[in-house]
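Asker: Taken in sequence, the protein lines are chains S and A.
Numbering-wise (the numbering used here), the first sequence opens with residue 16 and increments by one.
Numbering-wise (the numbering used here), the second sequence opens with residue 9 and increments by one.
Treat each hint with caution, since some may be false.
[Unchecked claim] The list that follows gives simulated cross-link-like pairs (lysine to aspartate or glutamate, EDC-like), each with its CA atoms no further than 16 Å apart: (1) K56/S x E50/A; (2) K117/A x D92/A; (3) K85/A x E23/A; (4) K53/S x D62/A; (5) K107/A x E73/S; (6) K107/A x E111/S; (7) K37/S x E67/S; (8) K55/S x E24/A; (9) K55/S x E73/S; (10) K64/A x E77/A; (11) K76/A x D62/A; (12) K56/S x E84/A; (13) K24/S x E50/A; (14) K55/S x E50/A; (15) K107/A x E59/S; (16) K37/S x E73/S; (17) K37/S x E18/S; (18) K56/S x E111/S; (19) K85/A x E24/A; (20) K60/A x E50/A.
Bear in mind the hints are in silico, worked out from the structure with no lab data behind them.
Note that the structure is a prediction, hence the values are computed from the model and not measured.
As a plain string of letters, each chain reads:
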Amino acid sequence: DTEVTQTPKHLVMGMTNKKSLKCEQHMGHRAMYWYKQKAKKPPELMFVYSYEKLSINESVPSRFSPECPNSSLLNLHLHALQPEDSALYLCASSQEGQGERSNQPQHFGDGTRLSIL
Amino acid sequence: GNSVTQMEGPVTLSEEAFLTINCTYTATGYPSLFWYVQYPGEGLQLLLKATKADDKGSNKGFEATYRKETTSFHLEKGSVQVSDSAVYFCALNPGGGNKLTFGTGTQLKVEL
């Protein structure tokens, strides 16, 4: 059983819809991540939150809007998506690394499989 | 920059065969190295990790040794099972931040 919970597991939406993906962890981790994964590819980093503040945005289109309401929750708001945005969206969390020897593994949820019609 | 190179898949083995999945990396500083496994329809699970040279990570019969001299972190298992069929990702954290660099993944298929 994963310790990072993502909802919903599956989502089908039209290009004009607004929806949100949710992620929750109760491991006390202060870093949380959104990834996009296409079939047969590794995950691609989208956003990183550190202590509830956005620390990395990998030039993601503005139709994806992340939010971190508190240290346990992470949302990804979706609006006006394109068919090429269909993918598995993974949330992850980790302890914050200390200095150069940042060796904290990331713990992943099972993802939301998103299909854009 | 940082990069991870994994052997191309799919790798197809018979049950109880020996497994090696090669992983080499390029990084500056003191990277930490990880193997993640992704079963069909699931997210990534941490399989094992190593944080410094000569460390050996191990879990569920899988092992990998952090070899700084060859910049490698090859995954091995002595006797694979059908239930090991999955995609395996090698990854590194270069240190000083939260970004993981992933290899392309290697699909393993184990047959009876």
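Asker: Compare the structure with each hint and give your call.
Answerer: Verification of the hints:
1. K56/S x E50/A: holds, 14 Å
2. K117/A x D92/A: holds, 8 Å
3. K85/A x E23/A: With a Cα-Cα distance of about 12 Å, the restraint between K85/A and E23/A holds, given a limit of 16 Å.
4. K53/S x D62/A: Roughly 34 Å between the alpha carbons, so the hint for K53/S and D62/A is violated.
5. K107/A x E73/S: Holds - the C-alpha atoms of E73/S and K107/A are around 11 Å apart, at most 16 Å.
6. K107/A x E111/S: holds, 11 Å
7. K37/S x E67/S: Status holds; Cα separation ~15 Å.
8. K55/S x E24/A: violated, 26 Å
9. K55/S x E73/S: violated, 21 Å
10. K64/A x E77/A: Holds, at about 15 Å.
11. K76/A x D62/A: holds, 7 Å
12. K56/S x E84/A: Between K56/S and E84/A the Cα gap is close to 22 Å, so the pair fails against 16 Å, i.e. violated.
13. K24/S x E50/A: Within the cut-off at roughly 10 Å; holds.
14. K55/S x E50/A: Holds, because 13 Å separates the two Cα atoms, which is no more than 16 Å.
15. K107/A x E59/S: Satisfied, since the Cα-Cα distance of roughly 10 Å is no more than 16 Å.
16. K37/S x E73/S: violated, 20 Å
17. K37/S x E18/S: holds, 14 Å
18. K56/S x E111/S: Given that 16 Å is the threshold and the Cα spacing comes to 26 Å, the pair is violated.
19. K85/A x E24/A: Holds, at about 9 Å.
20. K60/A x E50/A: Roughly 29 Å between the alpha carbons, so the hint for K60/A and E50/A is violated.
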